[in-house]
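J.: Based on the sequences and whatever the hints tell you, model everything.
Listed below, chain by chain, are the residues.
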Amino acid sequence: SQTIHQWPATLVQPVGSPLSLECTVEGTSNPNLYWYRQAAGRGLQLLFYSVGIGQISSEVPQNLSASRPQDRQFILSSKKLLLSDSGFYLCAWKSLQMNTEAFFGQGTRLTVV
Amino acid sequence: RKEVEQDPGPFNVPEGATVAFNCTYSNSASQSFFWYRQDCRKEPKLLMSVYSSGNEDGRFTAQLNRASQYISLLIRDSKLSDSATYLCVVNRGDMRFGAGTRLTVKP
Numbered sequence: 001s002q003t004i005h006q007w008p009a010t011l012v013q014p015v016g017s018p019l020s021l022e023c024t025v026e027g028t029s030n031p032n033l034y035w036y037r038q039a040a041g042r043g044l045q046l047l048f049y050s051v052g053i054g055q056i057s058s059e060v061p062q063n064l065s066a067s068r069p070q071d072r073q074f075i076l077s078s079k080k081l082l083l084s085d086s087g088f089y090l091c092a093w094k095s096l097q098m099n100t101e102a103f104f105g106q107g108t109r110l111t112v113v
Numbered sequence: 001r002k003e004v005e006q007d008p009g010p011f012n013v014p015e016g017a018t019v020a021f022n023c024t025y026s027n028s029a030s031q032s033f034f035w036y037r038q039d040c041r042k043e044p045k046l047l048m049s050v051y052s053s054g055n056e057d058g059r060f061t062a063q064l065n066r067a068s069q070y071i072s073l074l075i076r077d078s079k080l081s082d083s084a085t086y087l088c089v090v091n092r093g094d095m096r097f098g099a100g101t102r103l104t105v106k107p
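As they're listed, the protein sequences go chains P and W. Residues 1 to 113 in my numbering are what the first sequence lists, from first letter to last. Residues 1 to 107 in my numbering are what the second sequence lists, from first letter to last.
What the hints contain is simulated information worked out from the structure, not anything from laboratory work. There are no misleading hints in this set.
So the derived list for chain W, only partly shown, Cβ under 8 Å to chain P, looks like this: (1) PHE34; (2) PRO44; (3) LEU46; (4) SER49; (5) LEU87; (6) PHE97; (7) GLY98.
The calculated lysine to aspartate or glutamate pairs, modelled on EDC-like cross-linking and capped at a C-alpha distance of 20 Å, are: (8) W:LYS106 / W:GLU15; (9) W:LYS45 / P:GLU101; (10) W:LYS42 / P:GLU101.
Cβ atoms here follow ideal geometry from the backbone N, Cα and C, with glycine treated the same way.
T.: What follows is the structure in structure tokens.
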């Protein structure tokens with residue numbers, strides 16, 4: 001069966017520090033991969049999605065970037081965090097078939113202080 | 001205009017009530033549609049897919065109107081355990097979520 005791993009679960013980082021969040025998927029190949037951010041009490045904002053290795057579509061670039069170095073690995077990065085980067089970061093995977101659902105990792109709760 | 005719009009609520013209903021959520025989307029090229037449920041501080045999980053002909057899963061009924069670009073979710077006989085945030089999702093490869101509608105079912 002397919003599983004998605006996302007870590008860490010919680011993170012407290014100072015303003016100006018770098019960020020690296022990793023997401024890996026097991027049990028499937030060539031998934032679509034997604035990074036979302038959810039501010040407190042708000043909906044999910046699509047940040048990046050990828051349909052293949054090295055292929056990244058950016059929705060809200062700001063000071064965040066994403067990379068997909070391997071088929072089932074998706075990394076969210078920042079060189080310098082802002083206070084406004086605080087939120088709940090969620091990684092998701094989905095098969096290529098349009099009518100299939102997306103499955104989420106357990107999320108990373110990031111607080112920038 | 002947001003790609004996916006939902007009434008944020010909150011909806012506060014008594015147990016046993018019927019409640020309906022609506023969602024509109026702006027991109028007519030959207031190809032698949034879903035309702036997700038999110039409990040507090042947890043990741044979203046699929047509630048049900050939405051098909052053009054409408055579909056039902058127990059107390060839950062989903063409808064899609066492509067002409068009006070509108071999705072709905074009906075919950076009958078609400079239970080306390082239905083309290084959550086309900087998110088509509090519109091997909092054309094990019095899985096876009098609405099802001100969610102918060103439901104609280106009270107005894």
